[in-house]
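Fit chain X to the given chain R structure using the hints.
Those protein sequence lines, which keep their order, are chains R and X.
Under my numbering, the first residue of the first sequence carries the number 8, and numbering increases by one thereafter.
Under my numbering, the first residue of the second sequence carries the number 4, and numbering increases by one thereafter.
Worth flagging that the hints you see were computed from the coordinates, not collected in a lab.
Take these hints with a grain of salt, some might be off.
What the hints assert, rightly or not - Have a look at the derived ranges for each label pair, beta carbon to beta carbon: (1) Glu377(X) to Gly79(R): 21 to 29 Å; (2) Gly116(R) to Leu376(X): 32 to 40 Å; (3) Ala152(R) to Thr175(X): 21 to 29 Å.
Model, not experiment: these values are computed from the prediction.
Here a beta-carbon is modelled for each residue, glycine too, at the ideal position from N, C-alpha and C.
So the chains spell out like this:
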Amino acid sequence: MQETIVIGVIGSDCHAVGNKILENVFARAGFNVINLGVMVSQDEYIDAAIETNAQAILISSIYGHGEIDCIGMRDRCTERGLDGIPLFVGGNLVIGKREFKDVEVIFKGMGFDRVFGPDVDLQHVVDCLHLDIAAYRREHQAVEAAA
Amino acid sequence: MKTVSIDIGSTWTKGALFEVGDRDLQLLKRTVSPTTVQHLADGFFQVLNALLDDDNAIERIRSGEITLNYSSSAKGGLAVAALGLVPSITLESARVAAYSAGAKITQVFAYRMNRSDIRALEDNPPDILLFAGGTDGGHFDTICHNASLLAASKLDCSIVYAGNRAVQDEVTDLLGQKDLVVVENVLPALDQQNPDPAREAMRSIFLSRIVKGKGLDEIIAATGSEPVPTPYAVYEFTRHIQEHVPGWHDFMLLDMGGATTDVYSSHDQCPPPGAVQRGLPEPLIKRTVEGDLGMRVSAEAASETGEALIAEHLAHDPAQIAAFHEYVEKVTAEPDYLPQDSQGKRFDTLLAGACAAYACERHAGRSTQVYTLEGTVDVQTGRDLTSVKKVIGSGGWLANSKEFDVGNWIRERKVDSKGKTVLLPSTVEYYRDEQYLFPLLANVARNYPEAAAFTGVALLAQS
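Extracted from the complex, chain X is given alone in its bound form:
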């Protein structure tokens, strides 16, 4: 049995053909072609034809002789605006749900919206507005106020309401004219996160409405197969690895691209003895995305975010700082640029180090020591990854960088800028997705989860 996987990225459309074995996959062929942004189907079929080298490729897929799975992050991926009530509570739950659906979050709003918030949404409409707020039976007036403002707006994107169940009817009455889907609350009670119904609604909207705007509907019509957002596939792949591969219950996965750095982690959280856990409960699998940390399109923003770290590394030779900024300007303007000399390579390493360090820092939770009459107590918030050891690096640059070890850079951010301890792994076993197959294997995992998970881990190079 053969299976094809294709990932339509913002610049490249990548594909691979695998032979499916009992417990693993064998890579038969792979190819890459520029993404045809004007018409995504062109690039897709170029890759498909190159992989199958057969005039009847589509027939063989339609008949089920060869399986096909594909994902897309082209044309901005899945853009979600998140609306919650309290920033650290329902807005945070909405973020967790949107990230797990493979979205990038373009705007966030909390408490009562005003006219300028509505204008900001109208001027920069997301694909989906995820509307949360209030636990079940909890707060409702702000929710109804925001629903009335949205009802009177020109916004015509899909809206997923995943807030207080008590006012579902009021929200439905107010927003009935819009493209509205009502699902279970993302936070039915303060100690219970429930991202899955909202996640499923976003996936289904992506398929029923958003693929059309991106021109993916033509591929569905021709192949009979449906796409998912690329990070959605990788999120599920993280879950499959955790489920199927022994020794891989706890790990982090870093996917660093030109525009964003995505961090995924699989970890069952239980606070260590003596520590007090505050804030929302943590999910088993979590994804975060940093839009200001990337190797090319976001290089400028990354160099600003990582300023302190970069300055420290160039402190021995201050003249290098100006050269570094020149380099950043150059690669931002030419996203395809690959460094030719040792200085350029060193600057790329520095940029990658900053992206890795800050993306992991933001993904992880914090701990502070508090002095009490009973002695010191660690108060923890967010995700505690201190006991996690395995870290995988994926994405074009990390896949190719033998000398780079994410562990060395994570160590640089043991303490955040507010003096709090960052709950990242203390000892790192670093693995590299050397062939950069993770996004492609993530697609195959939709049909063959176990074989794809085993193959993904088997192909990792340990440094």
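So that you can see chain R by itself, here it is in the shape it has in the complex:
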């Protein structure tokens, strides 16, 4: 079955090229890609994920303000009924030269499941998507069975 994922560039970031590349790669990998384009707000990702029954949200950011833009995203998802939905974030996420592992700690602390740097191999992202979506489905079914 084809999995639906929501992608887009968050905040006031209008870098469109990388976004198109991501759309292309994920579509070729077999996903139904809902691409919201650039300058996407947290609620727009969540609204789109609800309507399309998406299995993951992927946020990109290049312009350095990703940290501010992403604060509260996990809580907002939970609050709006998307408990446990896989949340990925990637790109050039913070200002200045910081070690990637420090950046990863910040974003994982914010509730993101996967954090990627600007030079990640996108095949690796695709593999992680399959893995995490499968886990999310299992958990979802377990919750439903218990109910």
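Frame of chain R; chain X shown alone:
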């Protein structure tokens, strides 16, 4: 060839007889009579007989010698409750579809319904419940949850299901006992609105089931001709003008009545360079209705909505504010009241200004400037009407008000209460439907779209 058009309004039944020419219509006769709310057919036939002045009027219509088209907004018009999933997505698509079908929206619901939502529907049943939610292949549990609640309810109105196609069967199984019609999704994908199948279903339900309750079936039986909701006809008329009249691809039409203000616009949206468009795609023709903006029945609500604007206009003489509210109370109680003195006329103008300004503001989209590393970017949502110039005013009050220019009032709402730029025309060429013929021509357009569109535009008075 002669053609008759009749519009059964909530207070007046208006009619006109036209001679149909090659490319235009000539008005031969018009008449008006009080709407007979207890029995709509009485008022209708009074108007028809007055227009044709002939004992064989009905025979001439049935034989096709004279064509007849009519519309009705009497007895509450077409009342639709809209149900969607996310308010800004499928609920918004459901609203767009319902408005395009000529409905007024009486209630809206989003996400999971609960018992009190169901009670609200049972206590105030609409003519039709438009049930949307989920893109095709998208969200489904909330849809099925809402369908089960509706199935167990006492609601017996028609239900149009225009949600996620993936659960059409489940919804049909759950709601099979109700009066259910299943159509294509109003939003099959996030970037694709599809209002027409739901619109057509609502039009057909209006005809097959709702006209009977309103007593219009008797007119159908006698004349062999079928009505549409008045705003449905005007919506189509907007499309015909856009299609047929050169120079009228982009325009707005304001129809201001005693109870509501309707705004229609024809415009192909493409975001200007440098702007980023967010939200749902915009249709070519769009209608919105404001139930709290009207000159009489809704005067009280309009004065509350337009409080800031009205206060600003009366700021030079605060004593006038109390007098204004007294006036509003008076006209609400007496919807037929026409002002006799200059003060009353001034207050009507103020009321009309508030209705026009806020109805247009709500119809239009918004723009905000966002600072990015690349400079400022305009982020737009909704309908961008900044490049539209032509605005038509119709409805009894606007038709008769030579001095009134909608453009002056639109300018007052350049920025909304949240500080966002309102995407309304910056320069307005204002046209007045001086003879108040638009609703009647809209009916004629069902048979003679081109001639009716040309005549409508030719009869406009430009201020």
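Taking the hints in turn, this is what the structure says about them:
1. Glu377(X) to Gly79(R): 21 to 29 Å: 25 Å, holds
2. Gly116(R) to Leu376(X): 32 to 40 Å: The hinted range 32 to 40 Å is violated for Gly116(R) and Leu376(X), with Cβ atoms some 26 Å apart.
3. Ala152(R) to Thr175(X): 21 to 29 Å: At roughly 26 Å between Cβ atoms, Thr175(X) and Ala152(R) fall inside 21 to 29 Å, so the hint holds.
In summary, the one numbered hint that this structure violates is 2.
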